[in-house]
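In case you want the letters, here they are:
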Amino acid sequence: DVKVTQSSRYLVKRTGEKVFLECVQDMDHENMFWYRQDPGLGLRLIYFSYDVKMKEKGDIPEGYSVSREKKERFSLILESASTNQTSMYLCASRTGGSSNQPQHFGDGTRLSIL
Amino acid sequence: QQQVKQSPQSLIVQKGGISIINCAYENTAFDYFPWYQQFPGKGPALLIAIRPDVSEKKEGRFTISFNKSAKQFSLHIMDSQPGDSATYFCAASANYGQNFVFGPGTRLSVLP
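Protein chains in written order, with the working numbering: chain W, -9 to 104; chain S, 2 to 113.
Misleading hints may appear alongside valid ones.
[Unchecked claim] Derived coverage of chain S by chain W (criterion: at least 3 residues anywhere in the stretch with Cβ under 8 Å from a Cβ of chain W; other residues may be distant): (1) 31 to 40; (2) 52 to 64; (3) 100 to 110.
[To be verified] Label pairs and their computed distance ranges (CB to CB): (4) 10(W) <-> 18(S): 41 to 51 Å; (5) 12(W) <-> 46(S): 13 to 23 Å; (6) 42(W) <-> 72(S): 35 to 45 Å; (7) 52(S) <-> 100(W): 30 to 40 Å; (8) 44(W) <-> 47(S): 21 to 31 Å; (9) 17(S) <-> 74(W): 38 to 48 Å; (10) 34(W) <-> 54(S): 41 to 51 Å; (11) 46(S) <-> 18(W): 16 to 26 Å; (12) 54(S) <-> 6(W): 26 to 36 Å; (13) 57(W) <-> 71(S): 38 to 48 Å; (14) 46(W) <-> 84(S): 31 to 41 Å; (15) 85(W) <-> 80(S): 39 to 49 Å.
In case anyone wonders, no lab produced these hints; they're calculated from the structure. No experiment lies behind these values; they were computed from the predicted model shown. Just so it is clear, CB atoms sit at the ideal spot from N, CA and C, and this is done for glycine as well.
Next up, chain W with everything else stripped away, as it sits in the complex (with noise of 0.2 Å):
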């Protein structure tokens, strides 16, 4: 079974910081993504990721940045963190080439800024 691992399930930081969410994947797929989900909105993409140090800016990028230094690891950072970041994130990963693979999902990181 594909296995996403993200690094904490809940998070509570202050406005201004700098956040790192992280985000592990165990099956060696070559495409990530981050999305934040909130209530009556869905899933929206914030970035992902082809290929190791490849970033793509998906619908919401505003506020973050990624990193992809290796395969298996994809990172959320938000710069500067603000009130309305706080958010449900949710880390994918899928095998690259068709598109008619599903995405595997974390279980997500609930984050709060102050």
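With chain W fixed as given, assemble chain S onto it according to the hints.
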């Protein structure tokens, strides 16, 4: 054109009833339509998926119906159980891209 619309936003069904969730899309390039199930405190998990070359796919109590001409697809849960209470997301992707577009979700409650 990249949106996937989903309805209803919430659904309450009696145990043993049929739950139906509908999705619609505009982008005719979409060629893969998965449904995800999410329980509280967990990430979404793939439930069932369909490609547009078939009109229906069934796995146990879960069935996807696909209408290519209307650009609509739906999830039917037969004999709904309290354990099916979760949020359901439809999604779509196109072969030329790596991304999925998700619907806003439907919160299903199955009453015992």
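Hint-by-hint comparison with the structure:
1. 31 to 40: holds (count 4)
2. 52 to 64: Our answer is that it is violated, as 1 residues pass the Cβ test (under 8 Å) against chain W, missing three.
3. 100 to 110: holds (count 6)
4. 10(W) <-> 18(S): 41 to 51 Å: holds, 45 Å
5. 12(W) <-> 46(S): 13 to 23 Å: holds, 21 Å
6. 42(W) <-> 72(S): 35 to 45 Å: Holds, at about 36 Å.
7. 52(S) <-> 100(W): 30 to 40 Å: Taking Cβ atoms as reference, residue 52(S) and residue 100(W) lie about 34 Å apart, which means the hint holds.
8. 44(W) <-> 47(S): 21 to 31 Å: Hint holds: Cβ distance 25 Å, inside 21 to 31 Å.
9. 17(S) <-> 74(W): 38 to 48 Å: Because 43 Å falls inside the window, the suggested range holds.
10. 34(W) <-> 54(S): 41 to 51 Å: Since the Cβ atoms of residue 34(W) and residue 54(S) sit about 29 Å apart, the hinted range of 41 to 51 Å is violated.
11. 46(S) <-> 18(W): 16 to 26 Å: holds, 20 Å
12. 54(S) <-> 6(W): 26 to 36 Å: violated, 52 Å
13. 57(W) <-> 71(S): 38 to 48 Å: Holds, since residue 57(W) and residue 71(S) (Cβ atoms, about 43 Å apart) stay within the stated range.
14. 46(W) <-> 84(S): 31 to 41 Å: holds, 38 Å
15. 85(W) <-> 80(S): 39 to 49 Å: violated, 33 Å
The structure fails to meet hints 2, 10, 12, 15 from the earlier list, while all remaining hints are met.
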